[in-house]
Amino acid sequence: MTYLQVNEPVKRILIVDDHPLVRAGLTSLIAAEPDLEVCGEAETLREGLQLVRDLTPDLTVVDLSLEDGNGLELIKRLRTHDTEIRILVCSVHEEALFAERAIGAGALGYINKHKGIDEVIAAVRQTLAGRIYLSADMQQRFVEGFAQKRMPAQSPVELLTDRELQVFILIGEGLSNGRMAERLHLSVKTIETHREKIKRKLQLSSAAELMRYAVQWQLEQG
1 MTYLQVNEPV KRILIVDDHP LVRAGLTSLI AAEPDLEVCG EAETLREGLQ
51 LVRDLTPDLT VVDLSLEDGN GLELIKRLRT HDTEIRILVC SVHEEALFAE
101 RAIGAGALGY INKHKGIDEV IAAVRQTLAG RIYLSADMQQ RFVEGFAQKR
151 MPAQSPVELL TDRELQVFIL IGEGLSNGRM AERLHLSVKT IETHREKIKR
201 KLQLSSAAEL MRYAVQWQLE QG
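Residue numbers for the sequence shown, in the UniProt record's numbering: 1 to 222.
Watch out, some of these pointers could steer you wrong.
Said to hold, decoys possible - Okay, derived cross-link-like pairs now, DSSO-like style, lysine-lysine, Cα gap no bigger than 30 angstroms in a straight line:
| # | residue 1 | residue 2 |
| --- | --- | --- |
| 1 | K115 | K197 |
| 2 | K201 | K189 |
| 3 | K113 | K189 |
| 4 | K11 | K197 |
| 5 | K189 | K199 |
| 6 | K115 | K76 |
| 7 | K76 | K113 |
| 8 | K201 | K11 |
| 9 | K189 | K115 |
| 10 | K201 | K76 |
| 11 | K199 | K11 |
| 12 | K113 | K11 |
Since the hints were made in silico from the structure, they are not lab data.
Remember, it's a predicted structure, so these values are computed and weren't measured experimentally.
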């Protein structure tokens with residue numbers, strides 16, 4: 001059991017996730033730690049931005065998929081607001097594909113939601129302390145990537161830019177070009193351009209193939 005030092009302040013954590021059950025689960029885990037507390041919850045990018053400004057948490061835990069945007073975009077905007085902000089990504093998406101992007105956007109760590117309680121709390125504590133948190137496999141991948149000057153792509157999807165990846169995910173969710181444009185605050189023409197680039201990078205010849213590929217990828221992510 002962890003005991004508080006005399007006069008040691010409780011660390012305040014904000015959770016940004018669009019799934020109520022996930023927020024409740026994380027809140028329960030954090031509440032079990034005597035020196036940690038959840039100071040607020042948000043389910044959208046907009047709410048997350050506002051609560052960070054209002055509450056100034058010690059750590060913000062962010063999901064990558066939000067109702068009105070993308071977690072990577074939220075991280076970038078939060079870092080613009082406060083370059084010292086500490087952010088931990090907690091997501092179901094594949095670490096090998098998203099961890100590097102999250103760290104590049106300004107997060108301090110990445111933890112998969114399927115990990116055990118001890119690992120999640122370890123990730124929270126390490127990022128609260130201002131240190132990078134990644135799984136052992138991902139740490140090795142980073143080391144190898146630096147040694148080779150770049151990380152070798154293990155999947156064609158890894159070749160996509162952050163924006164292309166956002167569009168690809170929304171294709172897998174079945175959104176029309178119009179809905180994607182609205183969600184990402186882009187023009188329909190820009191969405192169409194991204195779709196063409198994605199098809200080329202994934203070596204797909206039609207919109208139907210792209211849809212099948214994106215849906216299958218989404219299913220594999222769990």
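Pair hint outcome, K115 versus K76 [Cα-Cα no greater than 30 angstroms]:
Since the Cα atoms of K115 and K76 sit roughly 25 angstroms apart, the hinted pair holds (cutoff 30 angstroms).
Keeping to a limit of 30 angstroms between CA atoms, is the pair of K189 and K115 held or broken?
violated (40 angstroms)
So if I understand the rule, the pair passes when the alpha-carbon distance is 30 angstroms or less; does K11 with K197 pass?
Outside the cut-off at roughly 44 angstroms; violated.
For the pair supplied as a hint, K201 and K11, is the alpha-carbon distance within the 30 angstroms limit?
violated (44 angstroms)
Quick one, are K113 and K11 close enough, alpha carbons at most 30 angstroms?
The hint holds at about 21 angstroms.
Hinted pair, alpha-carbon criterion (30 angstroms max): K199, K11. Please report holds or violated.
Cα-Cα ~45 angstroms, so violated.
K115 and K197: Cα distance at most 30 angstroms?
violated (34 angstroms)
Holds or violated: K76 and K113, Cα atoms, limit 30 angstroms.
At roughly 21 angstroms apart (the allowed maximum being 30 angstroms), K113 and K76 satisfy the hint.
Is the Cα-Cα distance between K113 and K189 30 angstroms or less?
Violated, at about 35 angstroms.
Given the hinted pair K201 and K189, is their alpha-carbon gap at most 30 angstroms?
Given that 30 angstroms is the threshold and the Cα spacing comes to 19 angstroms, the pair holds.
For K189 and K199, compute the direct alpha-carbon distance and say whether it is at most 30 angstroms.
holds (16 angstroms)
Is the hinted pair K201 and K76 satisfied, with a Cα-Cα distance of at most 30 angstroms?
holds (25 angstroms)
The structure shown violates the earlier hints numbered 1, 3, 4, 8, 9 and 11.
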